[in-house]
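Student: Now for the letters of each chain:
There are 2 protein chains.
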Amino acid sequence: MKNLQVKLAQRPKGMAQAGDFLIENSEIPAIDEGQVLIKNHYVSIDPAIRGWMNEGTTYIPGIAIGSVIRAFAVGEIIESKNAQLSVGQYVGGLLGATSYAVSDGTGLDIIDTELGELPLHLGVLGMPGMTSYFGLLDKGKPVAGETVFISGAAGVIGTTVGQIAKIKGCKVVGTAGGKEKCDYLLSIGFDVAIDYKNEDVNLALKEHCPEGISIFFDNVGGEILDVALLNLARGARVVICGAISQYNNHTNIQGPKNYMKIVTARGEIKGIIVFDYLDKYSIAIKDISNWLKNKQLQPKNHVIEGLENFPDALKMLFEGKNFGKLLIKI
Amino acid sequence: MKNLQVKLAQRPKGMAQAGDFLIENSEIPAIDEGQVLIKNHYVSIDPAIRGWMNEGTTYIPGIAIGSVIRAFAVGEIIESKNAQLSVGQYVGGLLGATSYAVSDGTGLDIIDTELGELPLHLGVLGMPGMTSYFGLLDKGKPVAGETVFISGAAGVIGTTVGQIAKIKGCKVVGTAGGKEKCDYLLSIGFDVAIDYKNEDVNLALKEHCPEGISIFFDNVGGEILDVALLNLARGARVVICGAISQYNNHTNIQGPKNYMKIVTARGEIKGIIVFDYLDKYSIAIKDISNWLKNKQLQPKNHVIEGLENFPDALKMLFEGKNFGKLLIKI
Numbered sequence: 001m002k003n004l005q006v007k008l009a010q011r012p013k014g015m016a017q018a019g020d021f022l023i024e025n026s027e028i029p030a031i032d033e034g035q036v037l038i039k040n041h042y043v044s045i046d047p048a049i050r051g052w053m054n055e056g057t058t059y060i061p062g063i064a065i066g067s068v069i070r071a072f073a074v075g076e077i078i079e080s081k082n083a084q085l086s087v088g089q090y091v092g093g094l095l096g097a098t099s100y101a102v103s104d105g106t107g108l109d110i111i112d113t114e115l116g117e118l119p120l121h122l123g124v125l126g127m128p129g130m131t132s133y134f135g136l137l138d139k140g141k142p143v144a145g146e147t148v149f150i151s152g153a154a155g156v157i158g159t160t161v162g163q164i165a166k167i168k169g170c171k172v173v174g175t176a177g178g179k180e181k182c183d184y185l186l187s188i189g190f191d192v193a194i195d196y197k198n199e200d201v202n203l204a205l206k207e208h209c210p211e212g213i214s215i216f217f218d219n220v221g222g223e224i225l226d227v228a229l230l231n232l233a234r235g236a237r238v239v240i241c242g243a244i245s246q247y248n249n250h251t252n253i254q255g256p257k258n259y260m261k262i263v264t265a266r267g268e269i270k271g272i273i274v275f276d277y278l279d280k281y282s283i284a285i286k287d288i289s290n291w292l293k294n295k296q297l298q299p300k301n302h303v304i305e306g307l308e309n310f311p312d313a314l315k316m317l318f319e320g321k322n323f324g325k326l327l328i329k330i
Numbered sequence: 001m002k003n004l005q006v007k008l009a010q011r012p013k014g015m016a017q018a019g020d021f022l023i024e025n026s027e028i029p030a031i032d033e034g035q036v037l038i039k040n041h042y043v044s045i046d047p048a049i050r051g052w053m054n055e056g057t058t059y060i061p062g063i064a065i066g067s068v069i070r071a072f073a074v075g076e077i078i079e080s081k082n083a084q085l086s087v088g089q090y091v092g093g094l095l096g097a098t099s100y101a102v103s104d105g106t107g108l109d110i111i112d113t114e115l116g117e118l119p120l121h122l123g124v125l126g127m128p129g130m131t132s133y134f135g136l137l138d139k140g141k142p143v144a145g146e147t148v149f150i151s152g153a154a155g156v157i158g159t160t161v162g163q164i165a166k167i168k169g170c171k172v173v174g175t176a177g178g179k180e181k182c183d184y185l186l187s188i189g190f191d192v193a194i195d196y197k198n199e200d201v202n203l204a205l206k207e208h209c210p211e212g213i214s215i216f217f218d219n220v221g222g223e224i225l226d227v228a229l230l231n232l233a234r235g236a237r238v239v240i241c242g243a244i245s246q247y248n249n250h251t252n253i254q255g256p257k258n259y260m261k262i263v264t265a266r267g268e269i270k271g272i273i274v275f276d277y278l279d280k281y282s283i284a285i286k287d288i289s290n291w292l293k294n295k296q297l298q299p300k301n302h303v304i305e306g307l308e309n310f311p312d313a314l315k316m317l318f319e320g321k322n323f324g325k326l327l328i329k330i
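Protein chains in written order, with this note's numbering: chain A, 1 to 330; chain B, 1 to 330.
Keep in mind that a hint or two might mislead.
The list treats identical chains as one, so a pair stands whether inside a single copy or across any two.
Claimed, not checked - Simulated pairs of lysine-lysine, DSS-like, Cα-Cα distance not exceeding 25 Å: (1) LYS300 to LYS315; (2) LYS329 to LYS257; (3) LYS39 to LYS280; (4) LYS141 to LYS197; (5) LYS139 to LYS270; (6) LYS315 to LYS257; (7) LYS270 to LYS2; (8) LYS81 to LYS257; (9) LYS270 to LYS257; (10) LYS141 to LYS81; (11) LYS321 to LYS168.
Hints in this document: simulated from the structure, not taken from any laboratory.
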């Protein structure tokens, strides 16, 4: 029994490639007094990982070369020298792309599998769910009857935002690439799904949002942000969650050339940083677990087996090839 | 005695050129019952005029080809067939680039020259003053001790915003082109003036705004907006007032490539549309006229003589060659 780990070999230029990673087997670490040993069950593949592979910003330091890739994971405590934590407990946090992790409990969440099965704690009950909940409800402030437009709608955040917006009585329009994803969006309650690979998104928005977009929840950036800005309702809120179209772009990031439309729409552009809501997660988890029980929220996982497939999985995410919350099962 | 008028000959491509205008002499118009005849004294040269020369948007229709150029002006009533308006009254409004204007009183403001001399009613007591007042105070919401950064700081809006921000106890940093304008900014109370033609604005901001920019009041767009986004304080408000660097740009507008910084700064981008505050102008006028009396607000006019110089004056504005509020004296 070995500890398989995915480490950062070098900083990627553009899309992360296999050579940017080092996949190593090492001994399972021994733990000290106050620590626990965690056997990871699932590692989450999130867009943020690509950012963390860069040198870092004032906002968050980059992953050090040679270190284990930073990633959210959930697992089970298999050894404990910490009085607060017991063997058999499920826990989650930034445990990294590693089969076994050591923790002193800092930043570790105890997972209640009664609220939802283990992998959901990396999705709707984890960071993406919190981002969706607070991004839509606290930043977007939806009002029943308003139109919410979501880019990257078939991802875990997009589907969660869309379903919460429906619960709040909004009309929900999403974009995704390809018929299969668009059909899926309609099946979980989206009113309109625009296939950006095969439709003119601007024309489709004009057709389907005759009163304009009151909330644009943006996971993508680039062209789609520009097109959304052309179709805002008066008083629109643009909530910037991500810009997956630009994350691998180092030299020529595309800013929203239609940004002056926020002025004439009397709108505002703001962002969502999920960590600002740490002290309110319990509120979101209560609502989301209820919605899961009522089937008002239907999550979907895309599970890849084997941590050695981490580099391919990350690439898949940026190529939009995943379908549901992308996870690695160890 | 003739009525000299500046009309739109054709829609400009890029910067408006002499050939886009038609300068005509016509008879002084006769007025009907309910109307007044106004002799214009000053016509205001504003960036918005260039936008109005385009075909128009849903926000406001463009000037029709062959029509008098839309512009703010102030003048005196010299003939009246309207019981509410008397000969000798000073009035202002969108009277156009014309020596004589006819009005039925709609949208006409009666000017009280006790509050400030006539041309000031096109500047700090007019639309630019209202834009500055509500843009800074209602959209920016300055708090004493915060740093306010202003682009296009030597223009009428820039100087007014800067001086009001000082009155409100903020640290005020502005950019303008050239030493003369920068010296002027310091002379009216700006704490720092950055000469963008001769300094690295990003480095200068890092030096002079060690706690970051809490309010960025943007009249310029383009590069300066991108650099400001790199230097935001947490909770920053970016107030978009104009984008003079982009108004003549039809094909390749530069969007803010650093827009994701608004997310990490937990800030927001919004705009100011002065017409939304029509019912509150009287509050602003009261404050501004008091500040004028106390010399806390020092306006500066740049007066060009002769309406036939309208095309050159508009060009001057976009080339940043004016120094103070640009006006034509008829």
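Student: Now, for every hint given, state plainly whether the structure supports it.
Tutor: Hints, one by one, checked against the model:
1. LYS300 to LYS315: Within. Shortest intra-copy distance 19 Å satisfies the 25 Å Cα cut-off; inter-copy 58 Å does not.
2. LYS329 to LYS257: neither (41 Å within a copy, 37 Å between copies)
3. LYS39 to LYS280: So LYS39 and LYS280 fail the 25 Å test inside a copy (28 Å) and across (64 Å) alike.
4. LYS141 to LYS197: neither (30 Å within a copy, 42 Å between copies)
5. LYS139 to LYS270: both (7 Å within a copy, 14 Å between copies)
6. LYS315 to LYS257: between (28 Å within a copy, 24 Å between copies)
7. LYS270 to LYS2: neither (45 Å within a copy, 54 Å between copies)
8. LYS81 to LYS257: Classified as neither: same-chain Cα gap 56 Å, cross-chain 49 Å, threshold 25 Å.
9. LYS270 to LYS257: Close inside one copy (17 Å) and across copies (15 Å); limit 25 Å.
10. LYS141 to LYS81: neither (45 Å within a copy, 52 Å between copies)
11. LYS321 to LYS168: neither (30 Å within a copy, 53 Å between copies)
Hints 2, 3, 4, 7, 8, 10, 11 from the list above are not met by this structure, while the remaining hints are.
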